[in-house]
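K.L.:
So you can see what is in the structure, the chains are spelled out below.
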Amino acid sequence: MSQSTDTAPLAPIAAARPVARAWRMPDWMITTISILVFLGLWESARDHIDPLFASYPSAILKAAWRMTLNGRLPDALWESAQPFLAGYALAAILGVPIGLLLGRYRVLQAAFGIYVTAGYSTPLIALVPLLLLWFGLGFTVKTVIIFLLTFFPICINSWAGVRAVPKSLVEVGTAFCASQQTIMRQIVLPAVLPYIMAGLRLGVGKAVIAMVIAEFLTAISGLGGVIMSSANAFRTADMFVPIILIMVLAVLLTNFVEWIERRIAPWQTELTGHDAP
Amino acid sequence: MSHVQLNRISKSFSLRVDGKPQTIHALRDVSFEIAQGEIVALAGPSGCGKTTCLRIIMGLETATSGEITVGGRRVSGCGHDRGMVFQHAELLPWKTAAENIKFALAAKGVASSELDAMAARYLELVNLGHAANRRPHQLSGGMRQRIGIARALAIDPEVLLMDEPFGALDSQTRETLQMEVLSIHQRTRKTVIFVTHDLDEAVLLADRVVVMSQGSVQEIISVDVPRPREDIRAIIASTEFMTKRARIWSALHDAKPRPPILESAA
Chain A
2 MSQSTDTAPL APIAAARPVA RAWRMPDWMI TTISILVFLG LWESARDHID PLFASYPSAI
62 LKAAWRMTLN GRLPDALWES AQPFLAGYAL AAILGVPIGL LLGRYRVLQA AFGIYVTAGY
122 STPLIALVPL LLLWFGLGFT VKTVIIFLLT FFPICINSWA GVRAVPKSLV EVGTAFCASQ
182 QTIMRQIVLP AVLPYIMAGL RLGVGKAVIA MVIAEFLTAI SGLGGVIMSS ANAFRTADMF
242 VPIILIMVLA VLLTNFVEWI ERRIAPWQTE LTGHDAP
Chain B
1133 MSHVQLNRIS KSFSLRVDGK PQTIHALRDV SFEIAQGEIV ALAGPSGCGK TTCLRIIMGL
1193 ETATSGEITV GGRRVSGCGH DRGMVFQHAE LLPWKTAAEN IKFALAAKGV ASSELDAMAA
1253 RYLELVNLGH AANRRPHQLS GGMRQRIGIA RALAIDPEVL LMDEPFGALD SQTRETLQME
1313 VLSIHQRTRK TVIFVTHDLD EAVLLADRVV VMSQGSVQEI ISVDVPRPRE DIRAIIASTE
1373 FMTKRARIWS ALHDAKPRPP ILESAA
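Those protein sequence lines, which keep their order, are chains A and B.
Just so we're aligned, residue 2 is where the first sequence starts under this note's numbering, counting upward by one.
Just so we're aligned, residue 1133 is where the second sequence starts under this note's numbering, counting upward by one.
Since the hints were derived computationally from the structure, they do not count as laboratory data.
Honestly, I wouldn't trust all of these hints.
Beta-carbon label-pair distances, calculated as ranges [what the hints assert, rightly or not]: (1) 253(A) <-> 1240(B): 42 to 48 Å; (2) 108(A) <-> 1220(B): 28 to 34 Å; (3) 112(A) <-> 1146(B): 26 to 32 Å; (4) 111(A) <-> 1134(B): 44 to 50 Å; (5) 164(A) <-> 1155(B): 25 to 31 Å; (6) 164(A) <-> 1134(B): 38 to 44 Å; (7) 1156(B) <-> 113(A): 32 to 38 Å.
Keep in mind that this is a model prediction, so the values were computed, not measured.
The beta carbon of each residue, even a glycine, is placed where N, CA and C say it ideally should be.
Given the sequences, and given the hints that come with them, work out the whole structure.
P.N.:
Shown next as structure tokens:
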């Protein structure tokens, strides 16, 4: 009896229909809707906003257009971009290799690690008056301030990354008699890469903060300078323009670093199952 | 003639437990010999020192005293005469299956012009030719361990060392891989030393089982199931298999009480 059920032809079943998959709204669309709703709510409150104390999107947009046409915004942006790029690049070029060396060599870590920890955990803004004495008020001092605030998070991340390399993977290199150089290049470096990129991403935020602070505390110039002078003249809409521009640029830069990370370390997404935060 | 020889291997290290320095004897006077082409299992409960023993043979750890020779040469550190298969495969996640094998080949000094062909050949050996360009996270656990085996075999070692290679796999995948190891052994006649806590696996694969307990060799048991061992089903159902399994089971459970493994340093 059980034999017959094994061999009996099965009743025909209608061809399986593909499971209808619910449409999922893409992330970028959710983000866009969120921004539009936020701007709409802000704009709808315009009648309750005193233009002296705050502003609203359409007034800010108008101010931005005017400031772009008369050249004030592009000039300020260019002025800010120079020390920003110089300071950030210097911090990345020095921070990553120094962090790697600190993580790799015990003696270097013991000798110099303490300075990096100190630099990372001290509010380096406290040094600005001294830096003014040394470097004056111009481009140099701004670059130095941005470098100082950006270097430590980048360096400390690379350093922590080396220390987090899985011992078991280094052992694979040892078991197959790979040279120290090969272990460094093919095992340690790829394993540290996500940490380096996280440091560079954090560095963008730090560098933006440092840029605005430098422009407030040294020669008033650049986007920070526009914020200060507009605020002093009670032109609140003008003041919002550079603030929002800085926000937008910082988000774009951070996304750009993430994009690079996905390009050079695609396995990371596979490992963690989601994109880097 | 013995191919691998362990001569009175001991390993101890110090730990501070509750502030008091204590010496831990992971291995004490472990000696055994393995013949050319033989498969030997190191079996025992966790903490018995079987993995430490294998790592010392590979050169990943050093013995406190004693000597190991492979093919008459004394072992110190790594060497291409031994190939290691790790418990969790330990493939480099940023390299594809083929690149992981090429990593081992390049470390051995194989000319770069031959790397592609050799990697392809060893992927074929473990039936993974189609997965050459996939990264480890695009592969199942069983496939990863196959590549781990291919990587170890690719350097053409005299001795294959396997550290609980199938412990993390489901039972069906494990059986498939056990069959593959038997068939690869049949073709290559490599000497194989593998660590396991699975008695079925020990009896199925090994010629002899070294039963370890608390850092010492408890007993060495010959399996005597004839080779080639092709039909797992018949072997598992056979009386010889049952008898040997029961014999090893008893050896593990009869472990003589020994002085405690922890001792206060004098």
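K.L.:
Looking only at beta-carbon atoms, does the pair residue 253(A), residue 1240(B) fall within the given range of 42 to 48 Å?
P.N.:
47 Å, holds
K.L.:
Does the Cβ distance between residue 164(A) and residue 1134(B) fall inside 38 to 44 Å?
P.N.:
42 Å, holds
K.L.:
How does the Cβ-Cβ distance of residue 1156(B) and residue 113(A) compare with 32 to 38 Å: does it lie in that range?
P.N.:
35 Å Cβ-Cβ, so the 32 to 38 Å window holds.
K.L.:
So does residue 111(A) sit 44 to 50 Å from residue 1134(B), Cβ to Cβ?
P.N.:
46 Å, holds
K.L.:
For the range 26 to 32 Å, tell me whether the beta carbons of residue 112(A) and residue 1146(B) fit it or not.
P.N.:
28 Å, holds
K.L.:
Is the distance from the Cβ of residue 164(A) to the Cβ of residue 1155(B) consistent with 25 to 31 Å?
P.N.:
About 29 Å separates the Cβ atoms of residue 164(A) and residue 1155(B), which means 25 to 31 Å holds.
K.L.:
With respect to the beta-carbon atoms only, verify the hint that residue 108(A) and residue 1220(B) lie 28 to 34 Å apart.
P.N.:
33 Å, holds
Checked against the numbered hints above, the structure breaks none of them.
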